[in-house]
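4 protein chains.
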Amino acid sequence: MLARRSSPSHHTTVAIAGVPVGEQPLVLIAGPCAAESEAQLCAVAESLASLGVRLLRAGVYKPRTSPYSFQGLQDEGLELLGSVKRAYGLGVVSEVMSVAQLESAYEVFDCFQVGSRNMQNFELLKALGQARKPVLLKRGLAATIEEFLGAAEYILAGGNAQVILCERGIRSFDPATRNVLDLGAVALLKRLTHLPVIVDPSHATGRRDLVLPAARAAVAVGADGLIVECHPAPEQSVSDAAQALSLDDLAQLVAETAAVAQAVGRRLPYPMERAA
Amino acid sequence: MLARRSSPSHHTTVAIAGVPVGEQPLVLIAGPCAAESEAQLCAVAESLASLGVRLLRAGVYKPRTSPYSFQGLQDEGLELLGSVKRAYGLGVVSEVMSVAQLESAYEVFDCFQVGSRNMQNFELLKALGQARKPVLLKRGLAATIEEFLGAAEYILAGGNAQVILCERGIRSFDPATRNVLDLGAVALLKRLTHLPVIVDPSHATGRRDLVLPAARAAVAVGADGLIVECHPAPEQSVSDAAQALSLDDLAQLVAETAAVAQAVGRRLPYPMERAA
Amino acid sequence: MLARRSSPSHHTTVAIAGVPVGEQPLVLIAGPCAAESEAQLCAVAESLASLGVRLLRAGVYKPRTSPYSFQGLQDEGLELLGSVKRAYGLGVVSEVMSVAQLESAYEVFDCFQVGSRNMQNFELLKALGQARKPVLLKRGLAATIEEFLGAAEYILAGGNAQVILCERGIRSFDPATRNVLDLGAVALLKRLTHLPVIVDPSHATGRRDLVLPAARAAVAVGADGLIVECHPAPEQSVSDAAQALSLDDLAQLVAETAAVAQAVGRRLPYPMERAA
Amino acid sequence: MLARRSSPSHHTTVAIAGVPVGEQPLVLIAGPCAAESEAQLCAVAESLASLGVRLLRAGVYKPRTSPYSFQGLQDEGLELLGSVKRAYGLGVVSEVMSVAQLESAYEVFDCFQVGSRNMQNFELLKALGQARKPVLLKRGLAATIEEFLGAAEYILAGGNAQVILCERGIRSFDPATRNVLDLGAVALLKRLTHLPVIVDPSHATGRRDLVLPAARAAVAVGADGLIVECHPAPEQSVSDAAQALSLDDLAQLVAETAAVAQAVGRRLPYPMERAA
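Residue numbers (the working numbering), protein chains in the order written: chain A, 85 to 360; chain B, 85 to 360; chain C, 85 to 360; chain D, 85 to 360.
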């Protein structure tokens, strides 16, 4: 298995638009669930810049339970993301759900995200194995660690070594939180694989007030970074409104996780005076 | 929602190669996990013919946890299936995992199966919405009923009304069986939707000795049919050996489910004297 | 393990108030979630008598999530149950949650039920191992088959061989049904143990309209009987109102399961002309 | 609900043998799964003393899946624990499974632990509501937050306000770890209730190499303390050998969690020079 760690010192660094993932500094990827408008993306981009965050997440292709729900801005969103990316010098992490989208988005996305629902979409994984860009692979809703690493292996076996794993919560019996954040899995993955492992505390909890504590815990357990949802006006978010942070919350998250990072021998590469 | 039942008498019939699914007679789809060889497929096809079973399942594109496991015979398998289908006059139900496979297999498959891992592969579902062939949609490993019906809706909304739902077991905490057969979900689906609902007792239990009782229960709960794995030499099966029925077991399944079918006002359209 | 089956023909019969459980005829245990009043119990008892059902379930000690919810009629309920039992010649199956209750209820209960929440209340199981009465042991909400049989073993090891196992649904991620009825587990238990195995379709589904199909499926899979909730006025039930059958529904259940029983070589020992 | 927090500043402190739980300093409770011998307990007690840990966990009544597994030293264990407790001036936290054990252990135990399997053993909870000692209530294997708080309410409603909640992992589909540590639940509980909430990283992960990262994460998420398993010779532990820390590991845990505690504005009240 190419994904397996050969020794405790075996670590792989994946660079997204020049930002290293898997090294001593933690990575922070932030942005709205979906790209909605130029104004929204610019407001987020400015906040990210002020916090020193260099990677933007924003969906243009949205996987939705119902075909009648908002499916993302698609082509229009691609254009928006492209212009905001150039204007602010951000790297873009965004989901693709098919080989066709992978091709359309090739110029705009700096890292292709594979969502939970597609973790075992093997044809997509094989196509990403041929891509020359990083892949952020999210764990499936009920995927075992063995299945998660098997999915990564499809990409690695195809010749693409730039794979980042992302724990984003698993299904459980309790409706109190959207999912169950499985940080034991993160600790285990760090022992089994040399690939970077990050955490999505937004989807894992589904509640704004739980995202910060979950983010702190993810850093403490040994994750290599975070991907979080934020929005200039969370309550107006077109999707996932309940879990999006405000931009002030995001600054708070940077401050709190930076302190924990230091306690575990890591750091956030962000100007703390801004966050404080 | 197009998938919702408008009244208790609202039922949709989907025909696969002329075999109706969703009417009073139950449907039985049987065959090996994977097409392996001409000899294997012919042995199965002859057994099916002798039992009066007219629909063959056999995978040529196999979704596997590891990229290094057998991935199906692919193009070679398509050819084999095509010739066996013509020779024995069977309808073929088989899995597609991508739009490209859908196109390659269009002439050979009479019904496209969407596997559990792809239940929310929305790009595939949209492509199937444009297809003019029946779709067998399997429930995801941890999909809620709402998500299952939402996935069906993607196909229906695209203009393809020929959708069959398939319960195949869900993930649980107990390693004693491969999955947990959720027959309450089948009873519920029969109340919520007009679409045919069938059951896969092979994947749901993962153990040969539990397939027959599970099949009887599925018929008793009100399922419109069964899809089961069988193999001329189960212990030599390339994949899923533990759950494949022998061809004698399959005859026994026909006999036992026929008796239960009668008890619930349904029937198996098969020559019972052969099965007895 | 005393619970393990030594051969395929190894079956144990447990008699509750003279009614055999685990023989060719299926057993049906029915009644309200909780004993509420003399009028309620008499109405149920008369219905049971008219259907030929000889075993009454009715809780007097109720395990409730909140201490402020109705906890059962306790001593008053015991007296009521005792007088109804004598008046109608019924056997009584009812839950005990502690050794003290076991002692108080000894004269009135013909079978002690251990509820899901107490499946691993080992001190209670040990006390029941000393009792000279049958025990109906319900599977825990998230108990593996190994744990379920281990719990039974506590009773058997204490010297009480009269144990009946009861599958009543397990916890899952889907809020659509109260629990997930695990009939694969029933089929598996029938292979692993010589003890009788019955099914509770009421708690397993939590919805009145799903109880009948679930009951049919349970009989088809090979269960030795059913325990179901019914009430003279289901919508007025003090607890579990959503899942209680009316007394007419119960007659319908007897008719439908009798037909399935016959299909699997069993029978319901009830006067079918009444049920029809 | 007495368990509900009335305002963000509403916190309850519970003192075990004079050690406060729920205040700014975190609590650490450590010791073997089971009391095995005087030598074992003394070795642990000396290590705890050298680390400044003042609360010892050690089971004398062990809930085991099989009646044939070691059930704890029972009365002999009580005596051992009593003498070690006096000799080293430690507070003792230990499990009771019945009202009878509660009475036997009253003089020796400083805090009664209710295990996962007994979280809804309501008769035990009611008896603990009458006790004048702290109760450590562990979350059930598949208990929702609502059920967990409901169980606490049984104790509170009985008049005992000294309740500590403990998250110890929930059941999931993945065999890779023993349970899934649900830290989102800890963050949520800290918002819903004024009671102290601690975490058991040993049972939550079941693997020695994951206990330290899980402990760090628990502190980062906002837990009020930890209960961990340690043993002078972990591989010789009579039960739960795979998850017990060595006494050196325990010192490492104190050092690592102390650093994280500081990052979140808490502290471990232990002599760090010893731990370093």
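Just so you know, the hints here were simulated from the structure itself, not pulled from any lab data.
Even for Gly, the Cβ is constructed at its ideal location relative to N, Cα and C.
Just to be clear, a hint being listed does not mean it is correct.
To be verified - Residues from chain A shown here face chain D by an in silico Cβ test under 7 angstroms; the list is partial:
hint: 1; residue: Met85
hint: 2; residue: Leu86
hint: 3; residue: Pro92
hint: 4; residue: Val183
hint: 5; residue: Ala226
hint: 6; residue: Ala245
hint: 7; residue: Phe257
hint: 8; residue: Thr261
hint: 9; residue: Asp266
hint: 10; residue: Leu267
hint: 11; residue: Ala271
hint: 12; residue: Leu294
hint: 13; residue: Ala301
hint: 14; residue: Gly306
hint: 15; residue: Ala347
How the hints compare with the structure:
| no. | hint | in the structure |
| --- | --- | --- |
| 1 | Met85 | 15 angstroms, violated |
| 2 | Leu86 | 19 angstroms, violated |
| 3 | Pro92 | 11 angstroms, violated |
| 4 | Val183 | 29 angstroms, violated |
| 5 | Ala226 | 6 angstroms, holds |
| 6 | Ala245 | 24 angstroms, violated |
| 7 | Phe257 | 6 angstroms, holds |
| 8 | Thr261 | 5 angstroms, holds |
| 9 | Asp266 | 5 angstroms, holds |
| 10 | Leu267 | 5 angstroms, holds |
| 11 | Ala271 | 4 angstroms, holds |
| 12 | Leu294 | 5 angstroms, holds |
| 13 | Ala301 | 4 angstroms, holds |
| 14 | Gly306 | 5 angstroms, holds |
| 15 | Ala347 | 4 angstroms, holds |
Hints 1, 2, 3, 4 and 6, counting from the list given before, are not met by this structure.
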